[in-house]
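> For the sequence shown, the positions run 1 to 433 when UniProt numbering is used.
Certain hints may be false.
[To be verified] With beta-carbon atoms standing in for the labels, derived distance ranges:
1. Q291 with F78: 49 to 59 Å
2. D221 with T385: 39 to 49 Å
3. F393 with S128: 51 to 61 Å
4. N35 with S124: 40 to 50 Å
5. K73 with F393: 44 to 54 Å
6. N201 with Q71: 25 to 35 Å
7. I270 with I306: 15 to 25 Å
8. A74 with S223: 47 to 57 Å
9. S124 with R392: 44 to 54 Å
10. S268 with G394: 24 to 34 Å
[Claimed, not checked] When the alpha-carbon atoms are kept at most 25 Å apart in a straight line, the in silico PhoX-like pairs for lysine-lysine are as follows:
11. K143 with K64
12. K142 with K168
13. K38 with K73
14. K205 with K185
15. K39 with K64
If you are wondering where the hints come from, they were derived from the structure by calculation, not from laboratory data.
Model, not experiment: these values are computed from the prediction.
Heads up, the beta-carbon is just placed ideally off N, CA and C, and yes, glycines get one too.
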Amino acid sequence: MLSNSDCVESLSRDQFILVDCNNFYVSCERLFNPNLEKKPVVVLSNNDGCVISRSQEAKLLGVKMGEPYFQIKALCEFRNIQVFSSNYALYGDISERIMNLLFEHAPDLDIYSIDEAFLKYPSSVAPSDLVSLCHELQKKVKKWVGMPISLGLANTKTLAKMANDLAKKIQNFYVFDLNSSVRQKVLQNYLIGDVWGIGRNLKEKLNGMNIHTAWEYAQMDPSIIRKRLGVIGERILWELRGVSCLESDEKVSKKSLLYSRSFGHVLSEITPLSEALSTYVYTVAEKLRAQGSLAKALYIFLEYQIQPGKKMRCYDSITEIFPAPTKDTGEMIKAAKRGLNKIFRREERYKKCGVILLDLLPESSSNSDLFLNPVDPKRTQLMNTMDALNARFGKKKLFFGAMGTDVSWKSRKDCSSKHNPSNWQQLPIVLAK
Numbered sequence: 001m002l003s004n005s006d007c008v009e010s011l012s013r014d015q016f017i018l019v020d021c022n023n024f025y026v027s028c029e030r031l032f033n034p035n036l037e038k039k040p041v042v043v044l045s046n047n048d049g050c051v052i053s054r055s056q057e058a059k060l061l062g063v064k065m066g067e068p069y070f071q072i073k074a075l076c077e078f079r080n081i082q083v084f085s086s087n088y089a090l091y092g093d094i095s096e097r098i099m100n101l102l103f104e105h106a107p108d109l110d111i112y113s114i115d116e117a118f119l120k121y122p123s124s125v126a127p128s129d130l131v132s133l134c135h136e137l138q139k140k141v142k143k144w145v146g147m148p149i150s151l152g153l154a155n156t157k158t159l160a161k162m163a164n165d166l167a168k169k170i171q172n173f174y175v176f177d178l179n180s181s182v183r184q185k186v187l188q189n190y191l192i193g194d195v196w197g198i199g200r201n202l203k204e205k206l207n208g209m210n211i212h213t214a215w216e217y218a219q220m221d222p223s224i225i226r227k228r229l230g231v232i233g234e235r236i237l238w239e240l241r242g243v244s245c246l247e248s249d250e251k252v253s254k255k256s257l258l259y260s261r262s263f264g265h266v267l268s269e270i271t272p273l274s275e276a277l278s279t280y281v282y283t284v285a286e287k288l289r290a291q292g293s294l295a296k297a298l299y300i301f302l303e304y305q306i307q308p309g310k311k312m313r314c315y316d317s318i319t320e321i322f323p324a325p326t327k328d329t330g331e332m333i334k335a336a337k338r339g340l341n342k343i344f345r346r347e348e349r350y351k352k353c354g355v356i357l358l359d360l361l362p363e364s365s366s367n368s369d370l371f372l373n374p375v376d377p378k379r380t381q382l383m384n385t386m387d388a389l390n391a392r393f394g395k396k397k398l399f400f401g402a403m404g405t406d407v408s409w410k411s412r413k414d415c416s417s418k419h420n421p422s423n424w425q426q427l428p429i430v431l432a433k
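Whole structure, please, built from the sequences with the hints as guidance.
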């Protein structure tokens, strides 16, 4: 079973709103070309490889996410589907505008991807007020930025994700509140394979256990789920029951990888900020290689206070595109530092930064694409060796100099217990008599 420190009863503490931009890349293109409204539109990945965003009209014509462009080129021409290459500079700018607007309405905001963010509120805020806020945000983002968004409201992130999914599926229904009496009915009709965090393999295991809906999953014994599906499976179960278990950077999006953290104290110098950002890049690059993927672009964001002591915050961001899809930590750190130099402002007091790897593709696909620059085998071997040594001797035993050695900027954990069962150095000592 998870301990109280792992899962906190959300009904007594937090409520979550998930804001998700609808068909984000397509909507960005439509923003500057209104003639595209109600027409089928697709956006392609870097180097015009495959589909990464589709309008609803394109979906109805059978265009699938991730489909190679050369396979649908004839369909696009026949059906007059408008095709656009990815424009990450534009998407990053629109994302920054939306996040800044959300910051004005959220005491605590977690950026999940370039087009998604969780807004967290204490239980002292009335649910009816949050529903009203959702409708206000939907109208304000549409009016001020021109972007359509959907909002899901619930008391865990997994349920908020589910609510957002339902808000998107119901036409002209931009807000869905899963804190209401409809929760049980929704869970009973929500397929387990559609639950956030349930991949294909996990779905097959659950179907083999005769679990086909979110409701059936939520009724299972947590100890059985932990034994058969591990800690992640148990956390999802508790989330479906209304118990919050997920940290801000713990989930992995299908289209991106995120790592972000707040600092232990505000930073106003570029050196510690650069070291922190390089460390975050190092961490997310490890995740990228572990899942066998490459990234085509990197998005960094900085969060800062307007004035010391005030809760209001603001947000800057920039996107850097790699010359070719990569999994090389060194190349990513160079890109992150290049972007940081463009948006850093000495007069600001920075509280948080993060990095998102965008436009992911399987590593195997780079070997079959004649138009992609080949990955340097020496750099690949270097990354593999570094990962192997760190796996053997401990995290970050081998690291990049750009990460520095002074980690005073790290998040404070002054009261953290020292007994960590995943760390050999902190295992309890047993004396036999």
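> In this structure, is the beta-carbon distance linking N201 and Q71 contained in 25 to 35 Å?
26 Å, holds
> Go ahead and decide if the range 49 to 59 Å is satisfied by the Cβ distance of Q291 to F78.
36 Å, violated
> Please check whether A74 and S223 have a Cβ separation lying inside 47 to 57 Å.
Taking Cβ atoms as reference, A74 and S223 lie about 54 Å apart, which means the hint holds.
> Is 39 to 49 Å a correct range for the gap between the Cβ atoms of D221 and T385?
Holds - the Cβ-Cβ distance for D221 and T385, about 43 Å, lies within 39 to 49 Å.
> Within 15 to 25 Å: is that where the Cβ-Cβ distance between I270 and I306 falls?
Because 20 Å falls inside the window, the suggested range holds.
> Mind checking the alpha carbons of K205 and K185 for me, to see if they're no more than 25 Å apart?
24 Å, holds
> Taking the beta carbons of N35 and S124, is their distance inside 40 to 50 Å?
47 Å, holds
> Mind checking the hinted window 51 to 61 Å against the Cβ distance between F393 and S128?
54 Å, holds
> Given a hinted range of 24 to 34 Å, is it respected by the beta-carbon distance of S268 and G394?
At 32 Å between Cβs, range holds.
> Do the alpha carbons of K39 and K64 lie within 25 Å of each other, as the hint requires?
16 Å, holds
> Does the Cβ-Cβ separation between K73 and F393 fall within 44 to 54 Å?
50 Å, holds
> Holds or violated: K143 with K64, Cα cutoff 25 Å?
30 Å, violated
In this structure, the earlier hints numbered 1, 11 are contradicted, and the remaining ones agree with it.
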